[in-house]
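*Asks:* Respectively, the protein sequence lines represent chains A and B.
For the first sequence, this note's numbering assigns the number 23 to the initial residue and increments by one for each residue that follows.
For the second sequence, this note's numbering assigns the number 16 to the initial residue and increments by one for each residue that follows.
Hints listed in this document are in silico derivations from the structure and should not be mistaken for laboratory results.
Nothing here was measured: the structure is a model prediction, and the numbers come from that model.
Just so it is clear, CB atoms sit at the ideal spot from N, CA and C, and this is done for glycine as well.
Don't take each hint at face value.
[Said to hold, decoys possible] Only some residues are given here: those of chain A computed to face chain B with a beta carbon under 8 Å:
#1 K66
#2 V69
#3 D205
#4 K207
#5 D226
#6 Y263
#7 L264
#8 F269
#9 S279
#10 S282
#11 V286
#12 S289
#13 E320
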Amino acid sequence: MENTKENRLAFLHQQFTPLTQGVDQEKLLIAVGKLNGSLSRKRKVVVITKGSELGSEPGSELGSEPGSELWSELWSELGSELGSELWSEPRFKIWEYFESIWPIFIREFYPQLKVIKRNKKKIDILQQIVEAGNAYIWISKKNLYVLPFPEIHLDNKRLHNDKGFALKFADKKTYWLYGIKFDYKDWKKVVSKKANPKFILSLDNIEQRMAAIKLKGSEWLIKNTKAKRIGKKSKKGNELYLVKGIFNQDAYFVKYSCLSTGRVYFSGVAPDFANSPEELTADNAMAWKYSLTLSEYESLEIET
Amino acid sequence: MIIRQGDLVFRKIDEVIAGKSCKKLVVAKGEMSGHAHILLADISTKIYGDKTMFMLTGKAKLVHPDHDTITFSKGTYVVVNEREFDYAGKQMKKVID
Chain A
23 MENTKENRLA FLHQQFTPLT QGVDQEKLLI AVGKLNGSLS RKRKVVVITK GSELGSEPGS
83 ELGSEPGSEL WSELWSELGS ELGSELWSEP RFKIWEYFES IWPIFIREFY PQLKVIKRNK
143 KKIDILQQIV EAGNAYIWIS KKNLYVLPFP EIHLDNKRLH NDKGFALKFA DKKTYWLYGI
203 KFDYKDWKKV VSKKANPKFI LSLDNIEQRM AAIKLKGSEW LIKNTKAKRI GKKSKKGNEL
263 YLVKGIFNQD AYFVKYSCLS TGRVYFSGVA PDFANSPEEL TADNAMAWKY SLTLSEYESL
323 EIET
Chain B
16 MIIRQGDLVF RKIDEVIAGK SCKKLVVAKG EMSGHAHILL ADISTKIYGD KTMFMLTGKA
76 KLVHPDHDTI TFSKGTYVVV NEREFDYAGK QMKKVID
């Protein structure tokens, strides 16, 4: 493959594909066995199924030993031959970054490196490990750790699942909606068919509130809180709502969109934000949120 | 001059800040996303102050993964956080993201 920026990115994406298609345990263990056989001495193969299993090995050993074989050779030679050129590019453009992919990537585009030629067998085995659906290998003095590739559920490249965990790594599951992390209890309440609109409006974190409202829909929230819009949508696209009977007092919420991401937010404004009925407007509410006067809010020089 | 990037507003004021300078300032960081508003000074610019008020001796860029980058000119800026009213807790609070 020609060494162009486009090809480098495409290659990394291509390497990532088998990792998303589940692990072939048999194929993986055969490849790991080969890798073990290619090391200077054999280790015990440990397939990690619980986070605690990794904790039993001293961190210093985990951190230093892998580097003594293929990795450190690779990094040091690459560092001296290519400098920082390589690292400034794909690593930050593609979030799918996994250890075992890198030697394969380097072999594809920088085959002239001596370290690549010297470690041909090991890199062939790493290729088999990646093809079996696994990217994480750690080698300590005693053990060769195989970490199952995390099981992930995505929506538009962000962690998201309203049916269960969005990320499972070993035995640890975490819950996300549209890239925002939730405690399991809060996630469960949000995804429930009987979700409580008061609970959603009261979520402390505005990004969690945004994600919960995105899941349920703004119309669902407005309908289930019997929110009444006050006035028209402003030129800036903001809307002011009065919510009665949900909290212990009448509540004002402003609905607005992020200019950069388009995400829709509902945010409470102080019950006394307006000094007169004429000031009960969405833009006045937004001005209050940023501690600005209305004219300052309307004339913001830059807004992103 | 007033500038907004997401949940932060920057108001230009007439103040001079002395003390230690830096080239990079993390103005705010999202709790759940980890995404941060980071001020990066141009080569010849120094940043004085902290995340509540800072002074630039030249141009600097404010970057954030979710927002367009904003170029700041020389001057001193006060940082104002977006706020909201929490009707469940009956209190005003800084927006948490």
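*Asks:* All the hints need checking, so say for each whether the structure fits it.
*Replies:* Going through the hints against the structure:
With a least beta-carbon distance of about 36 Å to chain B, the hint placing K66/A at the interface is violated under the 8 Å criterion. This hint is violated: V69/A has a C-beta 30 Å from the nearest C-beta of chain B, more than the 8 Å allowed. At its closest, the beta carbon of D205/A sits 11 Å from a beta carbon of chain B; the interface hint therefore is violated under the 8 Å criterion. For K207/A, the interface hint is violated, the least distance from its beta-carbon to any beta-carbon of chain B being 15 Å, above 8 Å.
Interface restraint check for D226/A: the shortest CB-CB distance to chain B comes to about 6 Å, inside 8 Å, so the restraint holds. The interface hint given for Y263/A is broken, as the beta carbon of that residue sits about 12 Å from the closest beta carbon of chain B, more than 8 Å. Violation of the interface hint for L264/A is found here, the shortest Cβ-Cβ separation to chain B being roughly 12 Å, above the 8 Å cut-off. The interface hint given for F269/A is met, as the beta carbon of that residue sits about 4 Å from the closest beta carbon of chain B, less than 8 Å.
A hinted interface residue such as S279/A counts as satisfied when its beta carbon comes closer than 8 Å to some beta carbon of chain B; here the least separation is about 12 Å, so the hint is violated. Contact between S282/A and chain B, as hinted, is supported at the beta carbon level, the nearest pair being about 4 Å apart and thus within 8 Å. The criterion of a C-beta within 8 Å of any C-beta in chain B is not met by V286/A, whose closest approach is roughly 14 Å, and the hint is violated. This hint holds: S289/A has a C-beta 4 Å from the nearest C-beta of chain B, less than the 8 Å allowed.
With a least beta-carbon distance of about 11 Å to chain B, the hint placing E320/A at the interface is violated under the 8 Å criterion.
In summary, the structure is inconsistent with hints 1, 2, 3, 4, 6, 7, 9, 11 and 13 from the numbered list given earlier, while agreeing with the others.
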